[in-house]
Amino acid sequence: MDDEELLPPPGMSGTAAIRALADALTPDALTLAETRFAETVRVYLDTFDGRLGAAGLAAVHTRDQPGSPSGRLAVVDAATGAEQAGQPWPTGDGPLLAVELEPGPARAALLPIVDVRALLALAELDVQATAFAVRDDLGKTVARIALEHARMRATGEALAARLRLQGVRGYDRETARIAGRARELGFTVARRPLVEDAVVADGGSPGGTSSKVGVELLANQRSDAAAAAVLRRLLEVIEANLDGSIADLDAEFLHDLRVAVRRSRAVLRELKTVFPPRELGHFRAELKWLQGITGPARDHDVYVLEFDAMRELVPAGIRDDLDPVMRVLKDRRELAHRTMVRELRSERMMRLRREWDAFLEELVAAPLDERPQAQQAIGELAGMRIAKVYRRIRKMGRAIGPDSPAEEYHEIRKKGKELRYLLELFGTPLFGAETVKPMIKSLKSLQDVLGRHQDREVQQATLRGIAEQVSGMPGRTAALMAMGVLLEHLGQDEIATRGEFAEQFAEFTSKERRAQVKDVFA
Amino acid sequence: MSRVIATYNIKGGVGKTSAAVNLAYLAARDGHRTLLWDLDPQAASTYLFRIRPKLKGGSRRLVEARSEVGELIKGTDFPRLELLPADFSYRHMDLALDHFKHPTRRLARVLAPLQDEYDFIFLDCPPSISLVSESVFETADALLVPIIPATLSSRTFDQLSRLVGQVRDGGPQVLAFFSMVDVRKSLHREVMARVRAAYPGLMLGASVPSADEVERMGEERTVVEEMAPGGRASLAYQALWWDVRRRLRTQ
Numbered sequence: 166m167d168d169e170e171l172l173p174p175p176g177m178s179g180t181a182a183i184r185a186l187a188d189a190l191t192p193d194a195l196t197l198a199e200t201r202f203a204e205t206v207r208v209y210l211d212t213f214d215g216r217l218g219a220a221g222l223a224a225v226h227t228r229d230q231p232g233s234p235s236g237r238l239a240v241v242d243a244a245t246g247a248e249q250a251g252q253p254w255p256t257g258d259g260p261l262l263a264v265e266l267e268p269g270p271a272r273a274a275l276l277p278i279v280d281v282r283a284l285l286a287l288a289e290l291d292v293q294a295t296a297f298a299v300r301d302d303l304g305k306t307v308a309r310i311a312l313e314h315a316r317m318r319a320t321g322e323a324l325a326a327r328l329r330l331q332g333v334r335g336y337d338r339e340t341a342r343i344a345g346r347a348r349e350l351g352f353t354v355a356r357r358p359l360v361e362d363a364v365v366a367d368g369g370s371p372g373g374t375s376s377k378v379g380v381e382l383l384a385n386q387r388s389d390a391a392a393a394a395v396l397r398r399l400l401e402v403i404e405a406n407l408d409g410s411i412a413d414l415d416a417e418f419l420h421d422l423r424v425a426v427r428r429s430r431a432v433l434r435e436l437k438t439v440f441p442p443r444e445l446g447h448f449r450a451e452l453k454w455l456q457g458i459t460g461p462a463r464d465h466d467v468y469v470l471e472f473d474a475m476r477e478l479v480p481a482g483i484r485d486d487l488d489p490v491m492r493v494l495k496d497r498r499e500l501a502h503r504t505m506v507r508e509l510r511s512e513r514m515m516r517l518r519r520e521w522d523a524f525l526e527e528l529v530a531a532p533l534d535e536r537p538q539a540q541q542a543i544g545e546l547a548g549m550r551i552a553k554v555y556r557r558i559r560k561m562g563r564a565i566g567p568d569s570p571a572e573e574y575h576e577i578r579k580k581g582k583e584l585r586y587l588l589e590l591f592g593t594p595l596f597g598a599e600t601v602k603p604m605i606k607s608l609k610s611l612q613d614v615l616g617r618h619q620d621r622e623v624q625q626a627t628l629r630g631i632a633e634q635v636s637g638m639p640g641r642t643a644a645l646m647a648m649g650v651l652l653e654h655l656g657q658d659e660i661a662t663r664g665e666f667a668e669q670f671a672e673f674t675s676k677e678r679r680a681q682v683k684d685v686f687a
Numbered sequence: 002m003s004r005v006i007a008t009y010n011i012k013g014g015v016g017k018t019s020a021a022v023n024l025a026y027l028a029a030r031d032g033h034r035t036l037l038w039d040l041d042p043q044a045a046s047t048y049l050f051r052i053r054p055k056l057k058g059g060s061r062r063l064v065e066a067r068s069e070v071g072e073l074i075k076g077t078d079f080p081r082l083e084l085l086p087a088d089f090s091y092r093h094m095d096l097a098l099d100h101f102k103h104p105t106r107r108l109a110r111v112l113a114p115l116q117d118e119y120d121f122i123f124l125d126c127p128p129s130i131s132l133v134s135e136s137v138f139e140t141a142d143a144l145l146v147p148i149i150p151a152t153l154s155s156r157t158f159d160q161l162s163r164l165v166g167q168v169r170d171g172g173p174q175v176l177a178f179f180s181m182v183d184v185r186k187s188l189h190r191e192v193m194a195r196v197r198a199a200y201p202g203l204m205l206g207a208s209v210p211s212a213d214e215v216e217r218m219g220e221e222r223t224v225v226e227e228m229a230p231g232g233r234a235s236l237a238y239q240a241l242w243w244d245v246r247r248r249l250r251t252q
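Residue numbers (our numbering), protein chains in the order written: chain G, 166 to 687; chain L, 2 to 252.
Please note: incorrect hints may appear among the correct ones.
[Claimed, not checked] Ranges between beta-carbon positions, derived for each pair:
#1 L:216 - G:286: 35 to 41 Å
#2 L:129 - G:200: 36 to 42 Å
#3 G:203 - L:236: 46 to 52 Å
#4 G:286 - L:185: 57 to 63 Å
If you're looking for bench data, these hints aren't it; they were derived computationally from the structure. Glycine included, every Cβ here is placed at the ideal spot set by N, Cα and C.
Looking at chain G on its own, in the form it has when it is part of the complex (with noise of 0.2 Å):
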């Protein structure tokens, strides 16, 4: 039987719940009695996106007192606050990187879940906790019961008593029995995890940030209109992105971010004529700018990341010799932030921001003399550009071949990226997701090969523009020499990409794809 987490009845306090209960029980030959009381700090934690709640879970930290240095980390169902792994976890301040705890229960339950994405303080409460056992006549305990006071602890605020019923495996018939008691007294189950209360009392949404975009669309509204609404919606993701990046709380904001400004780019350059020129120049060039000052942090944000699965391709007795490389790759990371945090707080940035978000206020009511398919409805547009990007990149593939230069091949990826933002922004809103979905998966397929070719071409560079570095380091010779290996490897995996390329691209082009575009877009 799955844990409960039950109210008492309004007007009846924690302690005259369990009273109660106490006394209900006595006919069915069950006891209750006190088997622990603690006072603990606890502090919920989710991701910025709230990765655990969707999931239906909870990450709790748990301290004897504030400040106490003994601490553990427990992952819970939310509904119920029924523990499903747990771990000491000393520190508990600051962000929490589940890749950075000490391997155990609660980190191998994490790290699948929220990847690389810290967990952050949802809210701080001051429990009370009572223990009960319930017990049979044997006085073996058939099930358990603890009443929790909570107090938010900025505010102290007290929230509802919670009794938690947890039952015993192979006594379901006595737990169902206490949960009858509890319904026949009034007790009511929880409708909300505490962690949300919690959360709403703070003044809070539960639920977290997300980066989705996600914006309805009708196919015969103003193309404009659409095309403003999609950019409000990234101009707001670019917002919730902002302090994350800059406190660099998580590799994510940066990268959510990132893709925010590239979408909305993408909008401006293939929706063109349902601007003004002048401003839509001036908003382009900001745009590029601010995809220019966050370039260098995100790339050191993946070599960082990457580095464990690049050195899986040298031989195993050198992995070890790659470490004046990740020294390096760090060093150059802080630093690439630092310059990065110091744009995103300077005035252009600030100017950028609120100009923008006017600009997209009044973009409907602008004249509509210099922008000839504003008015069109926004069905027809997107479905032409689709067509029409989908056809450039079908003749840019037509004329790679393997021995072409790397360029090309990171310009046929970026019009890919183009046509993958087009078929997510619009595409599936005016056209159907069922639709779509097989020509995203498909450009999917092809963007990931090209994606690892462009990675390979990059980390080639990059290795060879640290290598000066690291040649004036301790342990210059084996690490040089591990680089070597590494190199070569990399530059194998970027030639077999290009052999995937021509299989993905066969298969993005074939006849029925054509057809589809045409049926649909076209």
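Using the hints, position chain L against chain G.
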């Protein structure tokens, strides 16, 4: 995959149940998901955990795998430690097993669905030579054999040799330990020294003393670690558990 450890001795009253219960408790306390299967119709370990010795459908139904074995398991009062209770009908388990074409493989069949659910499965075996014990030999990764160093030494030797002989190649690893030891008795000390010399790889270093706490377990109905933490018996079982884990063949 779980590791199956059976406490086994032909004789009764040598400390099998105490070892099974206390080691299973320590395994669970270390964080391992642990199951103790009380195969003894006398139900001593079931009793210790205050669980009613009763299985729906009895041993017959269990070995025929007609009911989900998971539905018969009971949680103990300790985290991660669960029990498959004994049942009075276990005294007829031989008969129930004998129905099958490969009777000795039945216990393994019963445990098969639990392999991913537990890290350790302890079998508390009844004292006998029977189809049940043969089944245990087929199922267990290790036999943990308590030996009282008071018995005439020749019989102790016989007992061990027979056991090692019974366990054919590829059978379970045999680990023996001295139980109910009284180091003040010179007989105990002599027997221990001679057996250790004769079976160097077989005898574990750790041994369990004859102690009040062990005897009181039945009265208090709990494990020594909860009853007298830090006591002689509690330290002995901790050492034994450490020794067993260290010696278990890695799979």
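Going back to the hint list, which numbers does this structure go against? 1 and 3
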